[in-house]
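Student: If you want the building blocks of each chain, they are given just below.
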Amino acid sequence: MSRRVRMWILAVGGLGFAALFAAACLRLPGFGGDSHPYGERAVRAALAHRTANVIAAVNFDQRAFDTLGEESILFAAVLGTVVLLRQTREEREVPPEPARVPLLVRRYALVLLPVAIVVGLYVVAHGQLSPGGGFQGGVVLATALHLLYIGADYHALERVRPVGVYEFGDAAGEGAYLVLGLAGFVAGSSFLANSVIGHGTFNTLASGGTVPLLNMAVGMEVACAVVVLLARFLDQAVEIEEEKGT
Amino acid sequence: MMSVVPYLVAGWIFLAGCYGLATSRHLVHAVGCLAVCQSSTYVLLLAVGYRDGGTAPVFSDLRPGSRPLVDPVVQALALTDVVVGATVTALLLALVMQVAKRHGTVDPDELSELRG
Amino acid sequence: MTDALVLISLFAVAATATAAVVVRDPARQALVLSVLGLALAVLFTVLQAPDVALSQLAVGSALTPLLILLSVRKVRRRGRREEGER
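Protein chains in written order, with our numbering: chain A, 6 to 251; chain B, 6 to 121; chain C, 142 to 227.
Honestly, the hints are just simulated from the structure, not real lab data.
Keep in mind that a hint or two might mislead.
Ranges between beta-carbon positions, derived for each pair [claimed, not checked]:
| id | chain 1 | residue 1 | chain 2 | residue 2 | range |
| --- | --- | --- | --- | --- | --- |
| 1 | C | Arg169 | A | Phe207 | 42 to 50 Å |
| 2 | C | Met142 | A | Arg164 | 32 to 40 Å |
| 3 | A | Ala177 | B | Arg68 | 35 to 43 Å |
| 4 | A | Asp71 | C | Ala145 | 34 to 42 Å |
Computed from a prediction, not measured in an experiment: that's the story for all the values here.
Backbone N, C-alpha and C fix where the C-beta goes; we use that ideal spot for every residue, glycine too.
All chains, please: the whole structure from these sequences, using the hints.
Tutor: See below:
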């Protein structure tokens, strides 16, 4: 397909989309409107299960099965990346030269590292109370670990980051979510139903029934997944080189 | 005017991302454009869920029923997709690296010429 | 007041999104994308979605640009000749 034909198709498709989308927008309920039937029901359901953060209740209680699907997409995407970026036969590892890091940067990163990890853990643990949860906290945890790469060097990062352990953690997080779902059957109700343990006292750390547990499973999976992803990408970008003459 | 502008902005972001995808000369750039397209859906979803004078549906420092709330359902949809979308972006970037390895180019036009 | 904030952050998002598409060099695009992530996080906060803002902040302004920069580095290291002039 030539460039010109492609631009024509793009123009026709773009204009068609713009016209239809604008027409649809005019008939949508206006921005900031007062009618949110699903939202109101979700809030009521969350309060009934004593979960203070309604978004966590929607994700891990009312739509927990959907989140299992999302999580599986994440798992599959990470698996695919790991398979695609494995070291092939015609590549070899070249250990990177340790670089001089300015002292200020090094101190800043090393002070920030524990703070960032604690923040990540806090965000995962308080997902059922305040904004946060497994998805966000997991990413914070994983990126926090990479402050070590900024503060020290790649070698130091590799020592605290045995990729195999994190790959295991990724799978264990996914598995824990499934097991918590199956526990619903044992408790005599349906898959992923929030009835396995009591709902606790509203607005305390132990409220929301299985929501905090599912949050932790997701937090573990996301943190490990992001660490594995970044490890593969860093390996490719920093270490792995093609052998000359192949 | 205010009642449709956020939706139209979402549409604009989507179209801009599509334009970038179609005219991209570098596969990594194309993946970045796809991330732009993706962000338009978050803008649309959250715009649909907004309520004038509403507050976030989090009761850790709010008495239930004391203030109008924005829609938590669309927020939950956007929230999971932000993180899952990033891993899918990573998968696409891994594919780009493989393409670069196998074909020695990351220009979509050159790649289609290779196929013949 | 809130309307003004929403409008300002909406246009910031639209502008950075357009810039992210127009900037053709992927390494520069990664930087614009991280600004876009930041603008989106601000917009989501204004729209009363702190959960989404938090994940957008972590993912959009740190993770995705980092992944893109690493891929660019890998692709460049393969010694493409015409990369430099793009």
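Student: Please test the hint of 42 to 50 Å on the beta carbon pair from Arg169 (chain C) and Phe207 (chain A).
Tutor: Given about 49 Å between the Cβ atoms, the range holds.
Student: How does the Cβ-Cβ distance of Asp71 (chain A) and Ala145 (chain C) compare with 34 to 42 Å: does it lie in that range?
Tutor: For Ala145 (chain C) against Asp71 (chain A), whose Cβ atoms are near 36 Å apart, the range 34 to 42 Å holds.
Student: Verify the CB-CB distance for Met142 (chain C) and Arg164 (chain A) against the hinted window 32 to 40 Å.
Tutor: violated, 52 Å
Student: 35 to 43 Å was suggested as the range; check whether the CB atoms of Ala177 (chain A) and Arg68 (chain B) agree with it.
Tutor: holds, 39 Å
Of the hints listed earlier, the one the structure fails to meet is number 2.
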